[in-house]
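Chemist: Sequence:
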Amino acid sequence: MNDSSPSGPTGPVVVDFWCELQCPDCRTALDDVRALRARYGDRVDVRLRHFPLDKHKHSFAAAQAAEEALEQGRGWEYVEAVLARVEEFDREGERLLVAVAAELGLDAEEFDTALVDGRHILIVDADQAEGKAIGVTGTPTYVVGGERLDGGKSQDGLRERVEELVDGLLARD
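Following my numbering, the numbering of the sequence shown begins with 1 at its first residue and continues without gaps.
Watch out, some of these pointers could steer you wrong.
Within a straight-line C-alpha distance of at most 25 Å, the following computed BS3-like cross-link-like pairs (lysine-lysine) qualify [to be verified]:
#1 Lys55 x Lys153
#2 Lys57 x Lys153
#3 Lys153 x Lys132
#4 Lys132 x Lys55
#5 Lys57 x Lys132
It is worth saying that the hints were derived from the structure and are not from the lab.
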């Protein structure tokens with residue numbers, strides 16, 4: 001869910017949320033994402049950035065599925081629904097991705113096709129490569145105004161730090 005929208009005076013402050021849909025910590029971090037949206041509204045653009053981890057077998061497919069959900073107009077809703085079922089993910093694998101799409105009323109057949117034909121692989125690859133280039137090593141990680149905040153080890157105080165950075169960027173506008 002990547003675009004090149006501006007940050008600062010010409011647009012909302014961009015908060016990149018590096019996430020992996022098999023990550024229990026990312027599920028917990030959704031509370032912070034919701035709080036940021038509630039506090040700042042359209043002054044902040046929280047962008048999902050994909051960072052599939054090798055230790056999670058289905059995370060790359062999940063990132064592609066999230067992109068398909070975005071194409072179908074329900075990206076964040078899909079991300080939240082998959083993360084809510086992270087414990088099932090190890091057992092169910094890619095079947096869960098298609099099932100969640102169907103439960104949300106999305107075109108599940110198109111999800112299945114997208115996972116087979118790989119139409120979203122380049123987006124996921126680009127996010128992962130960019131993440132590695134800027135030093136992302138785990139999830140969740142936030143990048144605000146060029147500052148990387150790693151929540152992969154601990155999320156204590158993370159939302160407060162993100163808010164401080166956002167407040168500083170908004171104050172400059």
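Chemist: Against this structure, judge whether each hint is valid.
Modeler: Right, here's what the structure says about each hint:
1. Lys55 x Lys153: 15 Å, holds
2. Lys57 x Lys153: 20 Å, holds
3. Lys153 x Lys132: 17 Å, holds
4. Lys132 x Lys55: Given that 25 Å is the threshold and the Cα spacing comes to 16 Å, the pair holds.
5. Lys57 x Lys132: OK: Lys57 and Lys132 at ~19 Å, within 25 Å.
The earlier numbered hints are all upheld by this structure, with none contradicted.
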